[in-house]
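Asks: Each chain is listed here by its residues.
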Amino acid sequence: MLRFLVRRLLGAVITLLIISAVTFMLFYAVPRDPARIACGKLCTPETLELIRHNMGIADPMPVQFWHWLSGIFLGREYPGFGNCDAPCLGYSFVNREPVLATILDRFPTTFSLFLGSSVVFLVFGVGAGMLAARKQGKATDKVASSASLVASSMQIYFVGTLALYLFVYQWQILDQPGYTPFSENPGQWFAGLLLPWLILALIFTANYTRMTRSQMVEQLNEDYVRTARAKGLSGPNVFFRFAWRGAMGPIVTIFGIDMGVLLGGGMITEKTFSIQGIGMLAVKSATNNDLPMLLGVMVVTASFVVLANIVVDACYALIDPRIRLA
Amino acid sequence: MTSTDQQPFLSIKDLKVHFSTEDGTVKAVDGLSFDLVRGKTLGIVGESGSGKSVTNLTILGLHNPDSTKVEGSITLDGEELNGASEKTLEKLRGNKMSMIFQDALTSLSPYHTIGKQIGETYRKHTGCSKKAARERAIEMLKRVGIPQPEVRVDDYPHQFSGGMRQRAMIAMALVCDPELLIADEPTTALDVTVQAQIMDLLKDLQKEFGTAIIFITHDLGVIADIADDVLVMYGGRCVERGTKKEVLRDPQHPYTWGLLSSMPSLDHPVDVPLNPIPGSPPSLLNPPSGCRFHPRCAFAEKVEGGLCSSERPLLELVDGRGSACHLTAEQRGEYFSDLAGSAAN
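Sequence order for the protein chains is A and B.
Heads up, the first sequence is in the working numbering, so the first residue is 1 and it goes up one at a time.
Heads up, the second sequence is in the working numbering, so the first residue is 1 and it goes up one at a time.
Bound-form chain A, shown alone (with noise of 0.2 Å):
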């Protein structure tokens, strides 16, 4: 297990080391004046000239990625702006401050919305999804699996605006959707989170739903299934000990695609709630051009997908003993 993790480990610091490069080559090789786009919409020739200097325009391309990689374990200083301490991935021009500042500000935000839609729609999917498989063919099933049809081909944007509509306004049932830190008031930390979470849910759960009845259906119709009940083993304990245990690998690995997606930043949710989290952090840099800070939320956004990836492989390894981890 500690092989693996280690070999996994030094897999994912080359993939996030060619995935920066990348994005890092496609964002200053662009034929335009990355400097005079970094500077923003309200430049002066002043600042230009101070950005082309702090950006090392004049270097050549691997020199300058060379300083953005070096700034993660050294730091750097960016004369006229301030310093960016290590882990330093960037400077924002635009917003004035290291571009790390603004993610870490922006990250507890987002991952409220993904912890607590991903309880909702883990519990009511799966859920809903074994009610589904162990009632096969009857109401309950027809009435799940057409259910969690409808919800899956719905949009946030739609539903959400709806529910906001709905809930907020004309009924004034819940509280205006908006972030509070946890530590500051955690009552309304849900009261402010809990219509985002049940829409982003909504269409999460339908697709888990479907995806456990599947699974379960199939797992159910196994012979080891079948030689479990031989054994005079109890229906609940057939269910869960055998036939969830086979089901759950491939959610599992789902699970983890979604978490590194959430954890990115929904920006749909984010922007259909007015919700600041990282997904409109990346939004709002695009459209006002801030480079670094877009390279930054890229770089972050791909960690997390490749640390879920590693979580999901280890959790696969505890489920599946036939899958070896060295």
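By construction, these hints were calculated from the structure, which means they are not laboratory data.
Possibly wrong hints are sitting among the right ones.
As the list claims (entries may be wrong) - 25 Å max Cα-Cα, derived BS3-like pairs, lysine-lysine:
1. B:Lys87 x A:Lys135
2. B:Lys69 x B:Lys40
3. A:Lys142 x B:Lys69
4. A:Lys135 x B:Lys207
5. B:Lys116 x B:Lys87
6. A:Lys135 x B:Lys116
7. B:Lys116 x A:Lys138
8. A:Lys284 x A:Lys41
Got chain A; can you put chain B on it based on the hints?
Replies: Relative to the frame of chain A, chain B by itself:
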């Protein structure tokens, strides 16, 4: 050892198992009856889809209750199993009656160790401690001839070879000393040496515990080795019954003749091709009328009045011996000696 016991241990009476599918009703088993006493082995032979496995899954109550209709009576030691509650069946399965499945690789859980899978059956039925269950698992593995059982008990099925997996499967089925053991082609996937070892193992265990065994196979060689009585199934019905000697030496039903003549043997000349039964097993969705074998039977025209396609031949047993065929006893004797004669040439 209980040969004086007049009451059959397992008694199946007019068993019908019908599945409802989208295309209609599949009559997988259609009026099957047989008895089995303790300490004896009944071999059930037949082609794929003849209802052998379905019959035995139904005895254990492992059919899907939503889509399966079971009629008739299954009594085990005087207790009616058809319609018994799931709780009652759970207590019997793996305990008083147990089953060895054909494919041990897919039939063992890949997620649990061998020891755990054997031990949990024992724990479930005896309520013993985890430690005692583990001890018992090791003891069982030793008994079925797994080397280093104390070590291998913690292995997963994928770490076992095919023969060892089948032995583990047998250990699992025998862990509670069952009184009825159903073995569904337990040796089909194995090579002959392992096959012989496993058969010997089953025979030893039967001698020791007086277990009644139902041995399902399509291999007549295996039947000749292990069975006391033989039941030949075709299209969900029993076409012939008798002792091993009677059925193999003096078969009465044209289907059994076909099975025997399609089997290679050492005294069979190598340059004479085997004689397979023409056609394929009947559709159980829409089975042939009358005798289900008549479309493939070479002797159907010999019966007067087209009885074979219009009337179901009844199985009339005299001392547990008989066949379901419209041919008269004289006809059978004549045709079979012809067949046997032509095979010898």
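Asks: It remains to establish, for every hint, whether it holds in the given structure.
Replies: Now for the hints, and whether the structure bears them out:
no.: 1; hint: B:Lys87 x A:Lys135; result: holds (19 Å)
no.: 2; hint: B:Lys69 x B:Lys40; result: violated (29 Å)
no.: 3; hint: A:Lys142 x B:Lys69; result: holds (23 Å)
no.: 4; hint: A:Lys135 x B:Lys207; result: violated (44 Å)
no.: 5; hint: B:Lys116 x B:Lys87; result: holds (22 Å)
no.: 6; hint: A:Lys135 x B:Lys116; result: violated (29 Å)
no.: 7; hint: B:Lys116 x A:Lys138; result: violated (34 Å)
no.: 8; hint: A:Lys284 x A:Lys41; result: holds (13 Å)
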